[in-house]
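Undergrad: Spelled out, the chains give:
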Amino acid sequence: MEDVQVHASQNRELDDNLQETQSSSADLVAWVVHHCLPVDKTNLPKAQLLYYGWVSYPSTPHLLAVLRDPVTGLVQWRFAQPPSDGRVPSLATHWPAASWIEREMWQTTGMEPVGHPDLQPILHPEEYLPEGMVTGAGVFRLPLGPVRADVSESGFFLFETIGEQIMHLQPQLFYKHRDIETLGIHQSIADALLLAERVSGTATVAHSMAFCQAAEQALHRTVPVEIKWERSLWLEMERLYNHAHDLAQLASAAGMSVGQAQLARVKEELLRLNGDLTGSRYLRGSVRMGDTCQVTWSQVRSEVESVLENADRRFTHFTNLLRHTPTFVDRLVGTGRVRKDWVDAYGLVGPVARACGASVDSRNESEIEQLAGYHICLPTRGQGDALDRFEVRVLEWHVSQGMIRKLLDLLCNGKELTNVGKYKDFPRPVSSTHPIHSDPPDGWGVGIVEGPRGRVCHVLQLKDDVYLNNSRIRGASSWIWPVFGLAVSNGNIQTDFPVIDASFGLSYAGTDR
Amino acid sequence: MTTETHHPLGDWEQLEQNTAAALRKVFHRSIYVRHIDVGSCNACESEILALSNPYYNFHRLGLFFTPSPRHADLLLVSGVVTRAMKDVLLATYNAMPRPRLVVATGVCALHGGIFRNSSWVVGPVDRVIPVDAWVPGCPPTPYAVLQGILSAVQHRPEVSVCE
Numbered sequence: 001m002e003d004v005q006v007h008a009s010q011n012r013e014l015d016d017n018l019q020e021t022q023s024s025s026a027d028l029v030a031w032v033v034h035h036c037l038p039v040d041k042t043n044l045p046k047a048q049l050l051y052y053g054w055v056s057y058p059s060t061p062h063l064l065a066v067l068r069d070p071v072t073g074l075v076q077w078r079f080a081q082p083p084s085d086g087r088v089p090s091l092a093t094h095w096p097a098a099s100w101i102e103r104e105m106w107q108t109t110g111m112e113p114v115g116h117p118d119l120q121p122i123l124h125p126e127e128y129l130p131e132g133m134v135t136g137a138g139v140f141r142l143p144l145g146p147v148r149a150d151v152s153e154s155g156f157f158l159f160e161t162i163g164e165q166i167m168h169l170q171p172q173l174f175y176k177h178r179d180i181e182t183l184g185i186h187q188s189i190a191d192a193l194l195l196a197e198r199v200s201g202t203a204t205v206a207h208s209m210a211f212c213q214a215a216e217q218a219l220h221r222t223v224p225v226e227i228k229w230e231r232s233l234w235l236e237m238e239r240l241y242n243h244a245h246d247l248a249q250l251a252s253a254a255g256m257s258v259g260q261a262q263l264a265r266v267k268e269e270l271l272r273l274n275g276d277l278t279g280s281r282y283l284r285g286s287v288r289m290g291d292t293c294q295v296t297w298s299q300v301r302s303e304v305e306s307v308l309e310n311a312d313r314r315f316t317h318f319t320n321l322l323r324h325t326p327t328f329v330d331r332l333v334g335t336g337r338v339r340k341d342w343v344d345a346y347g348l349v350g351p352v353a354r355a356c357g358a359s360v361d362s363r364n365e366s367e368i369e370q371l372a373g374y375h376i377c378l379p380t381r382g383q384g385d386a387l388d389r390f391e392v393r394v395l396e397w398h399v400s401q402g403m404i405r406k407l408l409d410l411l412c413n414g415k416e417l418t419n420v421g422k423y424k425d426f427p428r429p430v431s432s433t434h435p436i437h438s439d440p441p442d443g444w445g446v447g448i449v450e451g452p453r454g455r456v457c458h459v460l461q462l463k464d465d466v467y468l469n470n471s472r473i474r475g476a477s478s479w480i481w482p483v484f485g486l487a488v489s490n491g492n493i494q495t496d497f498p499v500i501d502a503s504f505g506l507s508y509a510g511t512d513r
Numbered sequence: 001m002t003t004e005t006h007h008p009l010g011d012w013e014q015l016e017q018n019t020a021a022a023l024r025k026v027f028h029r030s031i032y033v034r035h036i037d038v039g040s041c042n043a044c045e046s047e048i049l050a051l052s053n054p055y056y057n058f059h060r061l062g063l064f065f066t067p068s069p070r071h072a073d074l075l076l077v078s079g080v081v082t083r084a085m086k087d088v089l090l091a092t093y094n095a096m097p098r099p100r101l102v103v104a105t106g107v108c109a110l111h112g113g114i115f116r117n118s119s120w121v122v123g124p125v126d127r128v129i130p131v132d133a134w135v136p137g138c139p140p141t142p143y144a145v146l147q148g149i150l151s152a153v154q155h156r157p158e159v160s161v162c163e
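Protein chains in written order, with our numbering: chain A, 1 to 513; chain B, 1 to 163.
Rather than coming from a laboratory, the hints here were simulated on the basis of the structure.
It is possible that part of the hints are untrue.
Said to hold, decoys possible - Quick partial rundown of chain B residues pointing at chain A, CB under 10 Å, derived from the structure:
#1 N53
#2 P54
#3 W120
To be verified - Taking CB as the label site, the calculated pair distances span:
#4 B/Y55 <-> A/A190: 29 to 35 Å
#5 B/Y55 <-> A/N413: 33 to 39 Å
#6 B/P99 <-> A/T327: 38 to 44 Å
Where a beta carbon is used, it is the ideal one built from N, C-alpha and C, also for glycine.
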């Protein structure tokens, strides 16, 4: 208790700075609803919700919402102190996207979201087993996990089936909750960066880059363009091996052993390239605060390009073969369909959202990515099924390949390409000094990165420019998990589950934190 | 470090021959591996899964993944043991037939890594079940995992089947 009081007095100054962004919790929820929810089904949502949840500043939990206007890149912050009885209006009543985070908030801080449609415990899965929702004759309950077939992360699923038909699926996560956000508090920036790298091992760059962006914003530090180029390059390298992995798993789920083996081979070659360049196959330590990786790009360029070219040749060949294998395509068409209205309702991100035809991509707004020839990949069908998720990943692989080549060019020649060609039409950021055009409260920062699975967001508060006072993490999969159960029970049968699971390619560790 | 081995990593051929002999003696030519993630960040899973890709192809040594712990000879554990996974780990271990081996993979499984101070964490794997071999690394490379499995087999304690 004493500790908390000391903590509070140190933050009085910060507290004063935050007055202008303070509001009541009801105002905050109304503000998010006003800015984020689509007015009608034809309109795109006006702003993206980057983070919604709670922060423990300075001593009591506060609500925090961070929004971004996708066109101008303007980030807006709002804090709210909950009333003394801890009852706050629930955002999930208006917007299902907030459902899981409010359940977590309720269990962690005791703040009760009043009117929450499904207020059940989400943490401590060992104590609260799901009970199921379907009743009636012929209903069969099949529990799966947390230890399940193959080498996979730990998570639990409760299937409720009638015959082959999946009527309802309830995923239960947080078996691996390590409470990384609390571990980060009072850590130095360097130590917290290590934690950020280990939120989700296969999204190391996305999380560490988001963390560094947030810390740099809190420190009001401008990042040299060479560092931005190199970070973007690591990010695309990470996307390449993740997409190869996801497609290998998808081929495996559909029984395509050759496709699986060959795409796993592509992944291994890319991991080895990462290891040769940075010393870590998963690019740990490659994103640093205010420093590059000290790679002499002009020396390694030809080798990198030849590895990428070989990988690209194999990837293109075998994804083409898969695409023209009727037994493979048949398993994917219409499987695990994500309805278009779920994209807005759940704030979906990443390849899962793009497979529905929604142009959601954080790289849209970054000048570095524009410079490197980024363009958004949307499948022509836009049905949101497993085949579209396959297509999106194949398309993105090729875009990432091109981006890496241009970034290599930039890193070797050190001068910017002036011609961004046909991608000029995409919205460009207003600010040229920082990728995130915003004015955060003093000591706070936000980092937004498009990882392999979608938008990764880190929100943090620094104390004396050295230590972390608050750290909040929103991984890409956190947005998508609530939809996973809906997509699985959307007219699929039991044997479709492995295909749907592989086509989503979600991270458990990134959601559990 | 992994448990002490008489063969340096470089002498791969010798190691392979010796292990194949050990495998034949104890497990009749093959070992079934059950992997369990008790709180890792997914990098260890990625490396363990790589064992079955064409580069490492651990099937050539007679090693296979099995979906059920009841068919498993060896339990490959990754990650720091979280509170929610402690009983699951015990249940998985108890479901395995004897003789059984346990390999702890990655720094988190060894001593908790950077998560060891979390209040949601029980601790390293050997706080819950006995461990036969430790594989360091964050994440350990597939070769290191293979080396860990092989040294666990080679240095297994003498047990009778009716233990």
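Undergrad: Determine for every hint whether it applies to the structure shown.
TA: Against the structure, the hints:
For the restraint placing B/N53 at the interface with chain A, the shortest Cβ-Cβ distance is roughly 4 Å, inside the 10 Å limit, so the hint holds. Taking 10 Å as the C-beta cut-off, the interface hint given for B/P54 holds, the closest approach to chain A being about 5 Å. About 5 Å separates the beta-carbon of B/W120 from the nearest beta-carbon of chain A, less than 10 Å, and the hint is met. As the Cβ distance of B/Y55 to A/A190 is approximately 34 Å, the hint placing it in 29 to 35 Å holds.
The given range of 33 to 39 Å is respected by B/Y55 and A/N413, whose C-beta atoms sit roughly 34 Å from each other. The hint said 38 to 44 Å for the Cβ distance between B/P99 and A/T327, and at roughly 41 Å that hint holds.
The earlier numbered hints are all upheld by this structure, with none contradicted.
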